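Enquirer: One letter stands for each residue in the lines below.
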Amino acid sequence: MSNTPLPATRQQSSVAASSSVIGVLTEAAKESVLKVQDYSILSYHSVANLFSRPRYMPDTVTQMDDIGTGSLPIVLLSGFFIGAVMVLQTGTQFQRFGQVSLTGDIVSLALVRELGPTITGLLVAGRCSSGIASELGSMLVTEQVDAMRAMGTNPSRKLVSPRVLAALIVVPLLTTISVFVGLLGGMVASVFSLRLSATTFWQRAIAILEFSDLMQGFSKSVVFAFILSTVGCYQGLNVRGGTQGVGRATTQAVVVSSVLIIVADTFLTKLALYLADKL
Amino acid sequence: MSAPPTSTAALGSSSEPALDFSDVWLGFEEGPILRGLSFSVQPRETLILLGETGTGKTLTLKLAAGLLCPDSGTVRALGQDITGKPERELLEFRRQVGFVFQEGALFDSLTVRENVAFRLLEEGNVTEEEVEPVVREALSFVELENTVDMYPSELSGGMRRRVDIARAIITRPELLVYDSPTGGLDPVTSTTIIELIIKQRDVFKTSSLLVTHRLQDAFMMATHYFDRKSNRMQPLPPGMQGEVPMGFLILRDGKIIFDGNLDELVHTQDEYIREYIS
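As they're listed, the protein sequences go chains A and B. Residue numbering for the first sequence follows our numbering, starting at 1 and increasing by one per position. Residue numbering for the second sequence follows our numbering, starting at 1 and increasing by one per position.
These aren't lab readings, by the way, just hints derived from the structure by calculation. Just so it is clear, the structure is predicted and the values come from calculations on it, not from any experiment. Each residue gets a CB set at the ideal place from its N, CA and C atoms; glycine is no exception. Worth double-checking, as some hints may not be accurate.
[Stated by the list, open to error] Part of the chain B face toward chain A, derived, beta carbon under 7 angstroms:
hint : residue
1    : Ala65
2    : Cys69
3    : Gly73
4    : Leu91
5    : Arg94
6    : Arg95
7    : Phe101
8    : Arg119
9    : Leu121
10   : Glu122
11   : Tyr151
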């Protein structure tokens, strides 16, 4: 080794390092593609299972209760105060131009199109996507999922589809409630802070809304529900490394579903504006 | 109605094996784990799979139940080739197989009643009222009738294994696989579990594959039979075997290094096996 010229050694190690870097990057890319593929398969089956027997309706109702009733307090509280804050922020700007009555318009549009579905999606993702991931992850590491398969039950039908269906039903309802409570919060803030009458606020808030606005909000809430439930299920059913892995999956479920919700929101907004312009 | 010991000559069957592995290979990223396994479990036979930790015993059980697919080779179970079958068909097949898991694997959000009834309710067309007596019967077999309304977290380790056995046998499966049913239990509880397995073996005569690394459990199963009169297991008289044929397999580094009966096992000349069983 002492006779080996130094430059040659450097060259060799540099080649080895670059090949290993390429190797690592290739492996990471393959792994990412595989994860996307597995997630797509899980998502496809979660919906396809709903069109054939057996369907697990009691499990779906239990999940609706867990996702819906369980998330209601945080959705109510956050919805109310977001509506109030919207009025406080926009109202002072409108006051400068003497157009305080426009506050109802802007708050209503923002809540129905954007803030209602997105904030509700993010809140439910934080609460339920993590819950789903930790529950399914714990079942996986304690062999309960294998036990289910060993007894001839399809875990995708029994565990994934009821959660996805429950989220698809409940999240749009929660979004509706969130928007309504947000408008209530906005009305309270506008009455006490801007001296705007409650009637004017409500009249303007309702009059400004068109069918396309409602559809935009509704379609977003459905897509967000699908994202948060399938990501939670995917992370839970792909836990590696025992209880530590369950913790990681729980965190990942919240991070991934939140980011996906925000990314999806951008594209859905663009699509909705395009369709509203065309129709 | 005791199960009397019979002579060795009376044992055996010419019908197709309940389980048949033929040159089965299975590996993961770190390399092959199972290297060309070939063995079979005859109808009514109980085969005990021994080996050190990490030799692939649990993987063998999962292959037998169709929970894993081999890289190469063939697994035939209950008259059908389950190698590479689609999951939908495997779900049907697994309804004829009972699997007792190492840690019980009970559904912790369900009561004991719901855990034991799970399989029957999943098969459909039955109500909870119709299932109740069957659940009671399965739980009385494992002497845990009084736990029906309890949750798994309220049970001891031994009780959880017994409930898992009740859950596995409730549909009278044609093939039973046990994954270290006494692992992590104290000697007294282990004996209780082995007594239950002997009872199951001698009463229902289900073809079984049992994994264990406790040699005393394996020897107890080979040297005892279940006496229905006393409702206890009893030692077999010297020179006699139980009604149900018993075999032993020893795995080492993913290969079978022994396949025979108790007599052949205790008289083997293989150094490793002699050390292993000593």
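Enquirer: What are the numbers of the hints the structure violates, in ascending order?
Expert: 2, 3, 9, 11
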